[in-house]
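Asks: Required output: the full structure, derived from the provided sequences and hints.
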Amino acid sequence: MTADTNGVTVEDLRDYLASDAPAEFLQRLIEEAESNAHHIVGDDVDIELCRKNSDFNQAVRILADFDNASRGAQDSQAHAYPRSFLYRMNQCKWTLRRDADGSE
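Positions in the sequence shown are counted from 1; adding 49 to them yields my numbering.
Rather than coming from a laboratory, the hints here were simulated on the basis of the structure.
Ideal Cβ positions, reconstructed from N, Cα and C, are used throughout, including at glycine.
Worth double-checking, as some hints may not be accurate.
Simulated DEER-style distance windows between Cβ atoms [unchecked claim]:
hint, residue 1, residue 2, range
1, 147, 120, 31 to 39 Å
2, 69, 150, 39 to 47 Å
3, 147, 54, 14 to 22 Å
Computed cross-link-like contacts, EDC-like style, restricted to lysine to aspartate or glutamate with a CA-CA straight-line distance of at most 16 Å [unchecked claim]:
hint, residue 1, residue 2
4, 142, 92
5, 101, 148
6, 142, 95
7, 142, 93
8, 142, 104
9, 142, 97
10, 101, 61
Replies: The following block contains the structure:
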């Protein structure tokens, strides 16, 4: 995996998932997961700040994995966030908001 300073990359996600899926598919998973995670932190927080946070990046990997595994599932469970994702988001949300505000 990467050093977690530039966000989740296709190669990083490919390693995490142990997948040989096409790069375009993996990039879409990353973009969707990152968008959802960023929305939880707050759209007013710079995405580049989020990408520098290891808990944020791990949350993106977890959600991308979850979305990949639940493709085609039509039950309501497929629409819920996994607990491990929520845990990671809880770990980083307030830190990122504080950092974005410049507070200590």
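Asks: None of the hints should be skipped; say for each whether it holds.
Replies: Here is how each hint holds up against the structure:
Here the CB-CB span from residue 147 to residue 120 is close to 36 Å, well matched to the stated 31 to 39 Å. Residue 69 and residue 150 have their C-beta atoms about 42 Å apart, which keeps the hinted 39 to 47 Å range intact. Remark: the range hint 14 to 22 Å for residue 147 to residue 54 is upheld by a beta-carbon distance near 19 Å. Taking the CA atoms of residue 142 and residue 92, the gap is near 12 Å; set against the 16 Å cutoff, the hint holds.
A C-alpha spacing of about 11 Å is found between residue 101 and residue 148, which places the hinted pair at or below 16 Å, so the restraint holds. For the suggested pair residue 142 and residue 95, the alpha carbons sit about 12 Å apart, so the restraint of at most 16 Å is met. Taken as a hint, the residue 142 and residue 93 pair is honoured in the structure, with Cα atoms around 12 Å apart against an allowance of 16 Å. Under the criterion of a C-alpha separation no larger than 16 Å, the hint pairing residue 142 with residue 104 is consistent with the structure, at around 9 Å.
For the proposed pair residue 142 and residue 97, the alpha carbon gap of about 14 Å is at most 16 Å, so the pair holds. For the hint pairing residue 101 with residue 61, the CA-to-CA distance comes to about 15 Å; that is within 16 Å, so the pair holds.
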